[in-house]
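Participant: Required output: the full structure, derived from the provided sequences and hints.
Respectively, the protein sequence lines represent chains D and B.
For the first sequence, the numbering used here begins at 127 and goes up steadily by one.
For the second sequence, the numbering used here begins at 516 and goes up steadily by one.
No wet-lab data here; the hints were simulated from the structure.
Any given hint could be a false lead.
In silico DSS-like pairs for lysine-lysine, Cα to Cα no more than 25 Å straight-line [to be verified]: (1) B:Lys693 <-> D:Lys137; (2) B:Lys700 <-> D:Lys137; (3) B:Lys700 <-> D:Lys130; (4) B:Lys693 <-> D:Lys130.
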Amino acid sequence: MKQKDIEQQEKRTGWLLILPALLVLALVFIYPIARAFWLSFFRENLGTQLEPIFSGFYNYNRLLGDGRFWQSLWNTSVFTVISITIELVLGMGIALVLNQSFRGRGFVRTSALIPWALPTAVMGLAWAWIFNGQYGVVNDLLQRLGLMETSITWLGDPTRAMFALIVAEVWKTTPFISILLLAGLQSISVDLYEAHSIDGANPFQSFRQITLPLLMPQIIIALLFRFAQAFGVFDLIQVMTGGGPAGSTETVSIYIYATVRRYLDFGYGAALVVVTFLLLVTAVVIAAFLLSKSRVNLTGGQ
Amino acid sequence: MANISKAETTPKQSSRSLKSVFLFLGVFFTVIFCLAPILWQILTSFKTNEAIASIPTIYFPSFNQLTLEHYISLGLPFLQYVLNSAFVSFTSTLFCLAIGAPAAYTLARLRIPGENIILAFVLIVTLFPYVLLFLGLLEVVKFFGLGNNYLALIIPYTAINLPLTILVLRSFFQQLPKDLEDSAKVDGYNTVSMLLNIVLPMTTPALITTGILTFIFAWNEFIFALTFITRENLYTIPVAVAQLGGASVYEIPYGPIAAATIAGTLPLIILVLIFQRRIVQGITAGAVKG
Numbered sequence: 127m128k129q130k131d132i133e134q135q136e137k138r139t140g141w142l143l144i145l146p147a148l149l150v151l152a153l154v155f156i157y158p159i160a161r162a163f164w165l166s167f168f169r170e171n172l173g174t175q176l177e178p179i180f181s182g183f184y185n186y187n188r189l190l191g192d193g194r195f196w197q198s199l200w201n202t203s204v205f206t207v208i209s210i211t212i213e214l215v216l217g218m219g220i221a222l223v224l225n226q227s228f229r230g231r232g233f234v235r236t237s238a239l240i241p242w243a244l245p246t247a248v249m250g251l252a253w254a255w256i257f258n259g260q261y262g263v264v265n266d267l268l269q270r271l272g273l274m275e276t277s278i279t280w281l282g283d284p285t286r287a288m289f290a291l292i293v294a295e296v297w298k299t300t301p302f303i304s305i306l307l308l309a310g311l312q313s314i315s316v317d318l319y320e321a322h323s324i325d326g327a328n329p330f331q332s333f334r335q336i337t338l339p340l341l342m343p344q345i346i347i348a349l350l351f352r353f354a355q356a357f358g359v360f361d362l363i364q365v366m367t368g369g370g371p372a373g374s375t376e377t378v379s380i381y382i383y384a385t386v387r388r389y390l391d392f393g394y395g396a397a398l399v400v401v402t403f404l405l406l407v408t409a410v411v412i413a414a415f416l417l418s419k420s421r422v423n424l425t426g427g428q
Numbered sequence: 516m517a518n519i520s521k522a523e524t525t526p527k528q529s530s531r532s533l534k535s536v537f538l539f540l541g542v543f544f545t546v547i548f549c550l551a552p553i554l555w556q557i558l559t560s561f562k563t564n565e566a567i568a569s570i571p572t573i574y575f576p577s578f579n580q581l582t583l584e585h586y587i588s589l590g591l592p593f594l595q596y597v598l599n600s601a602f603v604s605f606t607s608t609l610f611c612l613a614i615g616a617p618a619a620y621t622l623a624r625l626r627i628p629g630e631n632i633i634l635a636f637v638l639i640v641t642l643f644p645y646v647l648l649f650l651g652l653l654e655v656v657k658f659f660g661l662g663n664n665y666l667a668l669i670i671p672y673t674a675i676n677l678p679l680t681i682l683v684l685r686s687f688f689q690q691l692p693k694d695l696e697d698s699a700k701v702d703g704y705n706t707v708s709m710l711l712n713i714v715l716p717m718t719t720p721a722l723i724t725t726g727i728l729t730f731i732f733a734w735n736e737f738i739f740a741l742t743f744i745t746r747e748n749l750y751t752i753p754v755a756v757a758q759l760g761g762a763s764v765y766e767i768p769y770g771p772i773a774a775a776t777i778a779g780t781l782p783l784i785i786l787v788l789i790f791q792r793r794i795v796q797g798i799t800a801g802a803v804k805g
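Facilitator: So this is what it looks like as structure tokens:
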């Protein structure tokens with residue numbers, strides 16, 4: 127009887143302690159998404175004098191035929207897939223380097239944190255300066271290396287602007303992947319490698335047969351985080367290209383922001399939010415499924 | 516036997532020196548990759564306008580091509596932006612710890628129904644891009660009349676940092692020895708007083724680790740600051756610097772932008788230099804152990 131009382135009280139205290147956090151999370155995360163679902167069934171724009179008018183699936187119908195939306199979705203996918211792939215390879219390389227013991231390792235680790243810690247919006251300007259068409263250092267270096275005759279425009283050309291954005295994104299976010307992978311690497315026992323090399327395996331075989339499989343949970347977690355962030359990329363593109371030239375680097379998030387803030391089309395903006403949200407959730411569910419599977423494999427293999 | 520081992524030393528040694536060459540290249544590349552853009556920005560910030568606009572690019576400016584004018588041109592308003600960012604980031608960090616620590620303790624130690632659902636919810640929420648939230652929040656901000664009020668930033672910043680705070684602190688709380696709390700209970704502490712007087716003091720390092728991360732994230736946030744704050748003297752650093760860049764299309768002030776980049780991120784660079792280890796610990800605890 128007394129045990130039960132204590133449990134009851136613990137439960138009550140637990141709820142009291144967690145309630146403020148849940149309220150704040152609900153206000154900032156749940157309400158806006160729920161509100162977007164609701165608002166997406168209304169037309170609310172300059173045409174309706176910003177009064178909400180119920181119009182069923184009007185916004186979603188419009189979205190199906192909206193070339194600009196599909197273009198932005200394509201741009202987002204290109205940006206996400208290419209930058210994450212490069213980040214993973216590069217991040218793995220840097221993690222392997224940081225995992226070795228050498229003099230000055232502390233300094234190298236600290237440098238690797240710098241890109242992660244700096245504001246994306248601010249460093250986006252730094253990258254715009256680096257890729258400046260007239261005075262940019264990239265142009266100068268390429269000419270000095272004899273790879274180019276004259277300066278070219280980077281941010282004013284569709285493909286090259288996307289390239290510059292991906293470079294900046296990779297720079298900014300590779301450290302995050304490296305840190306996660308490094309933590310995974312450090313948890314792998316050295317004995318495994320020694321035993322493997324006694325069996326006659328070379329370092330590449332060890333990497334494929336020990337490192338990669340044991341690192342799989344960290345890889346998938348890093349990919350999951352990075353996928354969600356890259357899919358919602360805003361700061362970098364807003365600052366570097368604003369989605370231009372001619373919409374060639376406009377991602378879904380830039381389009382959503384322009385729809386709401388520039389065109390004041392709240393109903394359609396809400397529909398865009400809902401669709402992006404659903405796409406993201408689908409991808410996350412798939413990734414979470416893969417993650418649980420890889421964990422099962424790991425325990426099964428041991 | 517002796518002969519065999521002698522014959523083996525040569526290839527092993529060469530593979531070792533090959534390895535150290537690779538390692539050196541890897542270290543060299545890592546440092547260049549991470550620091551070059553910021554070093555370039557530092558150099559630009561100290562170059563005169565003529566040196567900045569010179570073709571071919573000047574990598575090693577002479578003494579008379581260096582200047583402090585870009586930093587001086589930022590002037591007092593910039594100091595104001597730094598203070599704004601510091602205030603918003605610091606306040607939201609305090610809120611975040613005050614709300615997040617008790618929640619993390621519940622999830623670590625107290626049994627409540629639906630615990631796993633709450634944890635899953637906290638995990639999923641970390642994946643939301645902020646662009647999905649600003650539309651709904653814009654209405655909330657308007658409804659409460661919070662436009663151009665720091666609460667319009669402090670509340671969202673508290674929220675976006677809560678998941679990380681909860682996950683990191685939860686993993687630290689779980690590592691505490693349970694006996695301690697049991698004996699505190701025998702001594703007559705209730706849960707809240709035990710949390711305040713015993714658990715939190717013991718996890719001060721974890722609170723600092725988490726606080727550094729939330730401070731950095733709040734300092735760097737862009738989209739909410741861009742949307743909810745329109746009065747110039749209330750700008751935070753990311754928005755203030757971005758507005759410098761957009762001030763005029765034809766003549767972009769690269770020198771002042773570079774100076775603003777460095778001056779506006781110096782606090783973060785100092786944090787990284789001092790707390791490198793803690794930051795790494797926090798990132799991995801938040802992502803992997805959750």
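Participant: Is B:Lys700 close enough to D:Lys137, meaning Cα to Cα at most 25 Å?
Facilitator: This hinted pair holds, its Cα atoms lying about 16 Å apart.
Participant: Are the Cα atoms of B:Lys693 and D:Lys137 separated by 25 Å or less?
Facilitator: holds (18 Å)
Participant: Mind checking the alpha carbons of B:Lys700 and D:Lys130 for me, to see if they're no more than 25 Å apart?
Facilitator: holds (16 Å)
Participant: For a C-alpha distance cap of 25 Å, please report whether B:Lys693 and D:Lys130 respect it.
Facilitator: Distance ~20 Å between B:Lys693 and D:Lys130 Cα, so the pair holds.
The structure agrees with every numbered hint stated previously.
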